[in-house]
Amino acid sequence: MLNSPAPLHIPDGFLNLVISLVFWAATILMVSLAISRTNKALGEKQIPLMGVMAAFIFAAQMLNFPVAGGTSGHFLGGALAAIVLGPWAGILVMTAVVSVQAVLFQDGGLLVMGANIFNMGILTAMVGFGLYRLVANGNRGLRLATAGAAAWLATMAAALLTALQLWLSGTSRLEIVFPAMMGVHALIGIGEALITVAAIGFIEQTRPDLLSIEKTADSGGRGWVIAGLVVTLLAVLISPLASGDPDGLERVADNIGFLDRGLDAPYQLLPDYTIPFLGETAISTIVAGVVGALVVFGLLILVGRNLRRGRDA
Amino acid sequence: MHAHAFDQYLYRDSFLHRLDPRVKVVGVLALILSNALLPDGSWAAFALVWLALLVANDLSRLGLWFTLRRSFVALPFALVAVSAIFSPNGTPLAEWDLGVVTLVPTNLGVIRFVSILVRSWLSVQMAILLVATTQFPDLIHAFEHLRVPRVLTTTIAFLYRYMFVLTDEVFRLIRAREARSAGLPGKKRGGSVLWRARVTGSMAGQLFLRSYERSERIYNAMIARGYTGHIRTLNPHILTNRDWLVLWAVFVLILVIQMVGWLR
Numbered sequence: 001m002l003n004s005p006a007p008l009h010i011p012d013g014f015l016n017l018v019i020s021l022v023f024w025a026a027t028i029l030m031v032s033l034a035i036s037r038t039n040k041a042l043g044e045k046q047i048p049l050m051g052v053m054a055a056f057i058f059a060a061q062m063l064n065f066p067v068a069g070g071t072s073g074h075f076l077g078g079a080l081a082a083i084v085l086g087p088w089a090g091i092l093v094m095t096a097v098v099s100v101q102a103v104l105f106q107d108g109g110l111l112v113m114g115a116n117i118f119n120m121g122i123l124t125a126m127v128g129f130g131l132y133r134l135v136a137n138g139n140r141g142l143r144l145a146t147a148g149a150a151a152w153l154a155t156m157a158a159a160l161l162t163a164l165q166l167w168l169s170g171t172s173r174l175e176i177v178f179p180a181m182m183g184v185h186a187l188i189g190i191g192e193a194l195i196t197v198a199a200i201g202f203i204e205q206t207r208p209d210l211l212s213i214e215k216t217a218d219s220g221g222r223g224w225v226i227a228g229l230v231v232t233l234l235a236v237l238i239s240p241l242a243s244g245d246p247d248g249l250e251r252v253a254d255n256i257g258f259l260d261r262g263l264d265a266p267y268q269l270l271p272d273y274t275i276p277f278l279g280e281t282a283i284s285t286i287v288a289g290v291v292g293a294l295v296v297f298g299l300l301i302l303v304g305r306n307l308r309r310g311r312d313a
Numbered sequence: 001m002h003a004h005a006f007d008q009y010l011y012r013d014s015f016l017h018r019l020d021p022r023v024k025v026v027g028v029l030a031l032i033l034s035n036a037l038l039p040d041g042s043w044a045a046f047a048l049v050w051l052a053l054l055v056a057n058d059l060s061r062l063g064l065w066f067t068l069r070r071s072f073v074a075l076p077f078a079l080v081a082v083s084a085i086f087s088p089n090g091t092p093l094a095e096w097d098l099g100v101v102t103l104v105p106t107n108l109g110v111i112r113f114v115s116i117l118v119r120s121w122l123s124v125q126m127a128i129l130l131v132a133t134t135q136f137p138d139l140i141h142a143f144e145h146l147r148v149p150r151v152l153t154t155t156i157a158f159l160y161r162y163m164f165v166l167t168d169e170v171f172r173l174i175r176a177r178e179a180r181s182a183g184l185p186g187k188k189r190g191g192s193v194l195w196r197a198r199v200t201g202s203m204a205g206q207l208f209l210r211s212y213e214r215s216e217r218i219y220n221a222m223i224a225r226g227y228t229g230h231i232r233t234l235n236p237h238i239l240t241n242r243d244w245l246v247l248w249a250v251f252v253l254i255l256v257i258q259m260v261g262w263l264r
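For the record, the sequence lines run as chains A and B.
First residue of the first sequence? That's 1 in my numbering, and the numbers climb one at a time after it.
First residue of the second sequence? That's 1 in my numbering, and the numbers climb one at a time after it.
Keep in mind that the hints were calculated from the coordinates and are not lab data.
No experiment lies behind these values; they were computed from the predicted model shown.
Don't be surprised by glycine CBs; every beta carbon is placed ideally from N, CA and C.
Fair warning: there could be bad hints in the mix.
[Claimed, not checked] For the chain B half of the interface with chain A, some residues (derived, Cβ under 10 angstroms), not all of them:
id : residue
1  : I32
2  : L37
3  : F66
4  : R70
5  : V73
6  : V80
7  : W121
8  : A157
9  : L159
10 : L166
11 : V170
12 : V193
13 : S202
14 : S215
15 : E216
All chains, full assembly: derive it from the sequences and hints.
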């Protein structure tokens, strides 16, 4: 019942100390900013609202729907929280959820909690809210489609950063962990996107005041749009670069053949092989990544339209 | 749902249960940090940590099986570390020709992989002992004393209080969906995947609205009872001499573990 739907909750021992502490620092910075911002906006109402909303995300993660072959679509909720509650409140809510999962259920470690909060709370808020804010004035279909795309991209960004953290810690080989993480989460992200779109569509119909343009404009401005776009762009750009060449596994074998012996320290912060940073393959895969993102976006616009038509009928 | 359905706390009267929650939190965090600092392959130090864990387990009177059974939650994650076995550093141990690729496990790679698993397993057990011997409100109180912002700790306290309530709400929603999803035997129930996703999304939206409106009611009830933005507790935790002694013992233990780990 309480199994985490996605392998994003990193346990203790899988990240090295430097990476853990760097992400703790980043998380503490963002969370303290979030505390002061939401406090200004909500005042004493902050605690009951944030607390119950965190419980909402916690409970909503139990919702699932059967897909096929015994697998089911799950829900992580970071993007939805940021879109509906605003980015700062979303960060606070996800921070509470991730910490309770780590402390109470050992779902994610304590020393690596900073990294987990950053991946699942802060990054998803940036992508989720940033992209949604961009089109907050647009029509309903566009907004729903963007919410879906944002939810999918937020999941992918979280998976990408998790893979990078594992690689930087010397826990996994990038050529293996990267395609595995991205592949699994490309699917999980679709479930996430569909649920997010339907949930926002539902809320827009029943309580449109909660999602009004003025409210969205209140909760954050240009900074979030830029942050969201930058993270999305980075995710699109880094992915193909990080994956190196398509024959990743073959490359491992090659590396093992040529690049061994004579290296003294068993593990450094950056393992001693390099990513081919430029070259024909990299550029072509970036283009492929952009095209892929556009295709997903287009699909989601279609889904959004369909959902609207379904409601109008 | 029973209010303790999620809680890992076990009612016992033991040395660890009586210890001040702050000491337990600081001690466990320091020990997990110490695990992360240990170099790969320091088996003697890992064994020492495990020995300390066994002693702590004995002091908690939870029984060995209790922590052992729960300690495998992180195991599925071990998959991501498997690739460390094929590290380019170190001497090759074997060569597995899989047709498409040749995988070469190396000695340093295997040491690395096993060390990651052992470190993770030890750290998880420490966290389990912490939550099994400390009630959640005490745990939150300890974090508050350790200067975690009050807004965050109180939000987490609210999350803890209401996750049972809202999980019940989820079960009601799921039961309602089940009740409306009758089907003929042998035939598929419900619509396409897209349709199912939409139903689930609407449930999430419904849950959100119910939670939002509940939070407004809670807030009004709190205001009516004189809430001013601060939550008061009646739980004065005072550190006794014994607590200090345990804290020092933990730090000495960490020092010894690190010495065993690095001075091989």
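For each hint, the structure was consulted:
Taking 10 angstroms as the C-beta contact cut-off toward chain A, the hint placing B:I32 at the interface holds, the least distance being around 5 angstroms. Because the closest C-beta pair between B:L37 and chain A is about 6 angstroms apart, less than 10 angstroms, the hint holds. For B:F66, the interface hint is violated, the least distance from its beta-carbon to any beta-carbon of chain A being 13 angstroms, above 10 angstroms. At its closest, the beta carbon of B:R70 sits 7 angstroms from a beta carbon of chain A; the interface hint therefore holds under the 10 angstroms criterion.
Evaluation of the B:V73 hint against chain A yields a held restraint, the C-beta minimum of about 5 angstroms falling below 10 angstroms. Checking B:V80 against chain A by beta carbon gives a least distance of about 5 angstroms; that is within 10 angstroms, so the hint holds. Taken as an interface hint, B:W121 checks out: its beta carbon lies about 8 angstroms from the nearest beta carbon of chain A, inside 10 angstroms. Annotation: B:A157 was flagged as interfacial toward chain A, and the flag holds, the nearest CB pair being 7 angstroms apart, inside 10 angstroms.
A cut of 10 angstroms between beta carbons decides the hint on B:L159: the least distance to chain A is about 4 angstroms, and the hint holds. Taken as an interface hint, B:L166 checks out: its beta carbon lies about 4 angstroms from the nearest beta carbon of chain A, inside 10 angstroms. Against a cut-off of 10 angstroms between C-beta atoms, the interface hint on B:V170 holds, since the closest Cβ of chain A lies about 5 angstroms away. Annotation: interface hint on B:V193 holds; nearest CB of chain A at approximately 6 angstroms, less than 10 angstroms.
Using the Cβ-Cβ criterion of 10 angstroms, the hint placing B:S202 at the interface with chain A is satisfied: the shortest such distance is roughly 5 angstroms. Satisfaction of the interface hint for B:S215 is found here, the shortest Cβ-Cβ separation to chain A being roughly 4 angstroms, below the 10 angstroms cut-off. Of the supplied interface hints, the one on B:E216 holds, with its beta-carbon coming within about 8 angstroms of a beta-carbon of chain A, less than 10 angstroms.
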